[in-house]
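S.K.: Okay, here's what each chain looks like letter by letter:
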Amino acid sequence: MRRWLPSPLLSASLLLMWLMLNQSLEPAHWLLGGALGVLAPLLSQPLQPHGHARIRRPLALFRLLWMAAIEIVRSCFNVTQIILLRRSADVNSQFIRVPLDLKSPHGLALLSCLINSTPGTVWVEILPDGHELLLHVFDLHDEAWWVHTIKTRYEQPIIEVFETPEPGGGRT
Amino acid sequence: MSGAESLPWWAAIPVALLLVLGGIVTLVGTLGLARLQSFYQRIHGPAISIALGAGCILLASMLYFTVMQSRLVIHELLISVFVLMTAPVVSMLIMRAAVYRDLRAAREMDPGNDAGNS
Amino acid sequence: MELVLAISVGVVFGAGIWLILRPRTFQLITGLLLMSYAVNLVIFAMGRLWVDKPPITPTPAIDPAQFADPLPQGLVLTAIVIGFATTALYLVMMIGARGLSGSDHVDGEEPRE
Amino acid sequence: MTTATLLSAATLFALACVVLAMLLCTLRLMIGPSAQDRVLALDTLWMCVMVLALLLGIRHGSQIYFEAALIIALLGFVSTIALAKFLMRGEVIE
Amino acid sequence: MLLASLVLLPFLGSVLAALMPQDARNRESWLAIGVAVGGLAIAAALFPQVAAGEVVRAEFAWLPAEGLDFVLRVDGLAWVFSMLVLAIGLLVVLYARYYMSPEDPVPRFFAFLLAFMGSMLGVVLSGNLVQLVVFWELTSLTSFLLIGYWHHRADARRGARMAFTVTATGGLCLMAGVLVLGHIVGSYDLDVVLAAGDQIRDHELYLPALVLVALGALTKSAQFPFHFWLPHAMAAPTPVSSYLHSATMVKAGVFLLVRLWPALAGTPEWTWIIGGAGVCTLLIGAFVAIFQHDLKGLLAYSTISHLGLITVLIGIGTPLAIVAAIFHILNHATFKASLFMAAGIIDHETGTRDLRVLRGLRHKLPITATLAIVASAAMAGVPLLNGFLSKEMFFAETLHVGGDRNWWMSYAAVAMGMFSVAYSLRFISVFFGTPAQGLPRDPHEPPRWMRFPVELLVLACLVVGVAPGVSIEPLLHLAVVATLGEDAPAYDLAVWHGFNLPLLMSVCALVGGMLLYGVLRRHFDLARRERVPLLHRLNGAQAYETTMLQLTRGAEWLLRRVGTRRLQPQLMLMMLALLLIPLLLAGAPPAWTVIPVRGFDPIFAGMWLIGAGCALAAAWMAKYHRLAALALVGGTGIVTAATFLWLSAPDLALTQLMVETVTTVLILLGLRWLPPRIESIAGPVQPPWQVWTRRTRDLALAVGGGLALAALTHAVLVHPASDTIADFFLLNALGGGGGSNVVNVLLVDFRSFDTLGEITVLAVVALTVYALLRRFRPAPESAGIPPQQRFEGDPASRQSPAEQAGSGYLLVPGIYLRLLLPFMGVIAVYFFMRGHNLPGGGFVAGLIFAVAILVQYMLAGTVWVESRLNLRPHRWLGFGLLLACTTGLGAWWFGHPFLTTHTAHVEWPLVGELHLPSAFVFDLGVFAVVVGTTMLMLVALAHQSLRAHRHPGEDLTADGQGGAEGRRI
Amino acid sequence: MTVLPWLNHLIIVPVLLPLIVGALMIPINQKRHGLKFGLGLASGMLLWAVAVALLVLADGGYWPGGIGVYLAANWAAPFGIALVADRLSALMLVLTATIALAVLVFSARRWDRVGVSFHPLFQFLLMGLNGAFLTNDLFNLFVFFEVMLAASYGLVLHGYNLRRIQAGMQYIAVNLVASLVFLIGVSLIYAASGTLNIADLGARVALLGAQDAWLLQVGAAVLALAFLTKGAMWPLGFWLPTTYASASAPVGAMLVLMTKVGVYAVLRVWLAVFGEGAGAAEGFGFAALTLGGMATVLFGAIGMLASQDGGRMAGYGAIVSSGTLLAVIGHSGGAVLASGLYYLLGSTLAMAAFMLLIELTERIRPPGAALIAITMEAFAIEDKPEDPVGVGIPGTLAFLGLSFAACALVIAGMPPLAGFVAKFSLFHAMLAAAPEGVPATTWGLIGLMILAGLAAIIALMRLGVRTFWAAGAVTPPRLQFSEAVPVGALVILCVLLTVQAGTVFDYLDRTTAGLLRSGDYAARVLGEPPVLRAPGAEGAR
Ligand code: NA
Ligand code: NA
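Chains C, R, H, A, E and Y, in that order, give the protein sequences.
In terms of UniProt numbering, the first sequence is numbered consecutively and its last residue is 172.
In terms of UniProt numbering, the second sequence is numbered consecutively and its last residue is 118.
In terms of UniProt numbering, the third sequence is numbered consecutively and its last residue is 113.
In terms of UniProt numbering, the fourth sequence is numbered consecutively and its last residue is 94.
In terms of UniProt numbering, the fifth sequence is numbered consecutively and its last residue is 969.
In terms of UniProt numbering, the sixth sequence is numbered consecutively and its last residue is 541.
Don't read these hints as lab results, they were simulated from the structure.
Each hint should be verified, as a subset may be incorrect.
Which bits of chain R does chain C cover? Going by a derived footprint, with three or more residues having C-beta under 8 Å, they are [stated by the list, open to error]:
1. 16-23
2. 58-68
3. 103-109
Label-pair distances were calculated between CB atoms; the ranges are [claimed, not checked]:
4. G444(Y) / D525(E): 35 to 41 Å
5. K103(C) / K31(Y): 45 to 51 Å
6. L576(E) / L27(A): 55 to 61 Å
7. M1(E) / K31(Y): 55 to 61 Å
8. A287(Y) / G53(E): 22 to 28 Å
9. H33(Y) / L914(E): 43 to 49 Å
10. E436(Y) / R553(E): 56 to 62 Å
For every residue, glycine included, the Cβ atom is placed at its ideal position computed from N, Cα and C.
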């Protein structure tokens, strides 16, 4: 099973994508989409050193995404406000460092997606010495608040989603 | 606007609102790109265009076509997913490129000063 | 619309001409890229301009006047692909020449006085 | 006012906003000053065109425009990351 | 057939001679003698017919369309001349056997000599003017080869080139003249032309024809002012000089004049042109001959002078003058050939031809001396020798020129006679006096058979001189009748005509010549003079050299002005032509019908404000800010794509978007190897005003070109479309092509042949790029690792590409990029599958697939990807092309033309009926080629980086690609 | 007709065969030269046989009017792409195959190893050439031009050194721009006439309104610019000498053929579109062609005089020949065409042989020595007279010398070889075409051609003397049998062309007669029916 279907989730996503693209639920599309869903991950397997993500707790993931979505919309309006109303020089743009406990690459990826999708913050990189995340904040009021928010609102749930059974899992 | 006459008001108003909002947000994002002073500020501008601007338009599109064609048209979701997957990569790489380019430039200007990661 | 497209084609083509008359290989390749855009648009425009009438015929019995001219589109597609290939070729040759001659002049050597 | 005029006006407004946005991107693309600015502007331009494609789809009530948006969403970033990588590492493929 | 063999025989002999070994001197001579004797026999066999006044003709079809047959024609004149060519040829061949050194490579000599003999016979026997020109030029060519026989000597090369240039140019003029004659007469056949004399002389093109023919004849016969080549031709071996440059080839010119006499002569123009050239030549040649120090040089000028004499006679143009001309041609051939041979013997025996050194040779070479003295006497016009007879006829004819009171021609003739006596004396002076000491060789009489030809010729001089009526009269008569026909005059070849004016002139010439020689020797230091008095400035050879040099220089100068080796002017001219030519040819446009068009769309306009702005900015920045220019071009590209989308061309939009992406990556890969231009070091090399002029010019051209294209595009856009073939495609795509996306059906069905060619272009370019990159040498500045990667502040500088993607800064992006790979693959399949009915198809799918792989390369580097994925682009290319071809060829099975589509209808359980058109398989081929091409080019380019990484800072110019080459990509 | 007669399939074989063989070669390992050469040679020979077969079919009355039409993809012209094999295209195919065979054999020794991909590129070049000669569709012509050019780009750069790269940059840049110009021309023509098929264009041209006619003429003029750039008309052909001088010998020989493609395209399009029956557009641009051709001849002649090295001289020679052809096409619009085609045959064969020959003669001595030799001769600096004993010429040198002389004679138009016959018949035909009063341009052209011949004589003699006769020890070059045979064969063909001039002219007269009947041509191409489907095989169409 593992051999032929390395990631059922990925395969399912591909099938779903196929059906959505063709906007059809005909059997032919199920068949073809299914075949592609199996084939594509298999063929791309050699180029996937980190394997595929295992979502341990889907519910936590949904909660996280919902929360992030709200945060994104909120930040959007913040940033809009700043762009429209403030003078550029008055904006306190800063780099900050956030020490991370999250190790799972997939978790880090999700974190990066959330942070980058949230206007006002841009992920730069994880500094190799000390596993700190270097972050750029558009309008920084309080560095400690930011570190705290990221660690509790984002990192913790992500660790839950990806790393609960054995920390560092998901790596091949 | 072929066939738009058949659209009921309950759908037309949210679609129109989403369109207007999406347009405005997109514009504001690029306005940030154009008027902010440093690169590190400017990079935050397009983020709202991508996140909210494109999002609103996608939503409007889904709603519009779903009502228009009286069936669930949600393949625009694919676009959202792909944008969500690729936009972080782009901003990460551009940002990192900018940081290290600036670092290197600073080092070349003043070789004695071992500037850390700002 | 027609006027806008015509002017645009002219501007892009003009910029291309200016660039292909410059002495540096990179200018030349940039000019070629721009000229290809202009030329592709010209070919495309020969089928006249149609908005929202892509040549996709849902039924065999159609009124051809209701669709954009597919032929120029086919030609442009070929031209785009060939243009891409030849750009690649010129690029590789240009860096090869830079390596061999030490100059990025289009003649492969700096002009002699 | 019918729904059609309302939607048409809204689409037109959004289109105008997007084209203005593209203009602003172009401005940044031209003036730079740094290379990363230009890359960022180009990427945003791609995104604007994606939005433009979606808007054209709504304007004409046609699905034909969707694929272009899809392609930009999925593959539009490739040239941007190539540019970014070039800036950062001096070569695109190491 | 007999006639044909007469011409063919020497050529056959020539081929045989060329095939013999280097040292086959005897066999070569025997062969040549055989050829000459055979020729003589054939000619003899023709004699009865010719003597009966018949014109023997042989015709072979060659170019009937142009009214051109290969015609051989013998009349009396031709017969006499061919006898001359063959007989002197025989003697020369015999002489050459002894003259040529045993070390000389004789096959070449005899091959050329026999080829010349054939060509000369061809000239003489041609019954068609065009054919005559052919053989005429062949004689020039063989002469060139013979003069250059000792081509290791500079004088031989020079002489050969000079002779060839002059005579071949004359030949071209002759060709033009012949064309004009043919145009006038309507035929090139000699008989027809000769019969059309009045028509020719009355035609408005008579003068051009005459001038052109005269130019041919005068150059060939070394007439003033083209005489200079002949002395330089003396660098040839003496047999050649005696055969070609005294007896035969130089006679071709006068032969031609005689031949065409019935057609062209009889006008003042003829007399002035031909006679004028002849008089100048005869005086100059004779005068200059006196002052030569080289035996052969003296003979050469004397030949020039005698040819002038003959030319004058022809120019005078009375029938008697023609008789005299033909007579003198024969006489000159005999005495001059023998004199050349004698000179050759002297040269051969003493090792020198210098008149200043040679003295008293009669003691060592008594027989040769006697022969030479007799021949010289003939040349000087001493009575009882043949030269006397023809010269006296000449004197007689000069008296008639210009009526009774005009004597200048006669004075000139006497002067020439004096000079010829003087140089004859100078020639024989080598035999008198005390024997010279210190000659290069000790002279002895030559071998018996080497002297034999001289003896024979001298004997002929004597016989003709004493008994012309019996000896030469019949021959002469033949030739004269053939030339003059009914005009043939009565003439008397007696030795003694009583005391008359010509005799007085002869005596004057003899006495005056002796006096002149004596005076010159005593008082003018004849033996030491370096320069010819009065005429030394008239140096034709120097003029020729200068002309040739000036010609080359001038051509170079001109070439720099009307041509260029640089690219920019060429492109400028192309653009200028694009701007001007259509307008010049088609004129101003007619009144234009305009159909109402869509109104102004501000949004579309806004979009193109961007597109055009980007293009202009790119043009501004491309010199120093390449990356910016690239991004700006990308801006124009994406606006173009949006335009396609807007204007109902979704397929184009998709393709343009993908091509845009791939092009950007490609150019970036290339930019890696193009060191940046830095403004400060690239200062202007030209003065600023030049730069500004050029820029203004280019700007004007750019604006003009842009305006022109804009105007044309607009004109088309507002003009009603004509009845196009497009409707057919729209109507038949679904029914006939089985697809609703007409553009795709166009690509894979209606015009699939185009697509086949197009993917071939892709494959070819990929192969070329790959081949180029195999030998690629990067610029030294860019050969190393880029500075960014050497920056210590960047943690990635210490990591391999694989490590960067595995744990470094690319870890997080990498998760996405790797996750996207299967999605991109499926999307590629999606676009491929739907292509026939909706926007998409093999191109777009292929590009998407290639970009998907490319992203992985960007992420983790070449080595990592290729250790896990063996993508063989060459195979993709080959497979794709073959698949497309095979699909097309499948139609042959059904008896249909290549690429005819067929659809298989397969009933599947659960799925229903599936249509599998062959066009689909064809498109798969397209897909494979696009993937193969893109991968091959980009990956080959990316592989270049490996070299820098393998050997940091060293061995940068090493050929090959190191490890990358070994790996199959 | 439900099945296409199998002989008709031969028409497309000259395109398909090299394509398939080339594609087969791509995946083959770079080191297997022998295999690739074998494949290439087999393809070349087969191609030659097919070309000859087409010539026989076209001339033998197999097709009505001597015109074979092949509807690629089975769509009737003008909708689909039609390939046309008439006497002219068959002749060009034979010429191509002949030269290709010679070049292939020639390159077997050395050249195919100098870089990778020689053989596949060569096959693709053949495909492009053959396609360009066969196609009847303007855009398809563009595609085949691109195939040909793309392959030639690779081949011009084959052997990769600075000189080649510099020349290649020029060649490629000019041709890329020319391709863009080509596209503009095609698109204008389509906009004006609504068709891309050349025969259809000829049929439509008389019916166009004034505006469309104007647009068509502008388009045609633009198109001609592209053709003439490839055909190297002055002032568009400056790229040519540089490219010839630096390309490797076999590639140079193929380039000779490629110049002719530009001329061929002009001929095809102009006779079909602006020939008889073109209404108001009849004779459009012919005068410009004459003038341009004459300027080209003059330029080429000047260039030959100014050239010192063989390659460049050959390049200018090619320009002269191109210019002559263009002037001739323009001059009488067809009356002297047969002679022009004969000239094309002779000059192409000789020039190809000459290109191969130059490479062999350059082995005789280093080029530097030659330069000194020429200055010495120009200033009449005599080296001291040596013993009058000749220098023996070994077989190889004799062979080279003879071949050189033969080529030089043909190129210069000197008797007795084909060059002279061509020139003479050209002159004759031009004069015969004007029975009452020969116009000044005709005299001018004749004079110019004679002058060009003279320039060629002077230049080639200088080169020949310098190469074969210059002072100093002549080292007989190492000559491979496989290098000598093709040169010899091409030279012998020139001789045969002269000897068999009558036969050749008969064929060419028939060719010309066919070309001038553009109405028949259009009727044949447009009237060719597609193959009908068998009743049972439903649905394919
Ligand atoms: Na195509
Ligand atoms: Na003729």
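S.K.: Taking each numbered hint in turn, which are not upheld by the structure, reported in ascending numerical order?
M.R.: 1, 2, 3, 4, 6, 8 and 10
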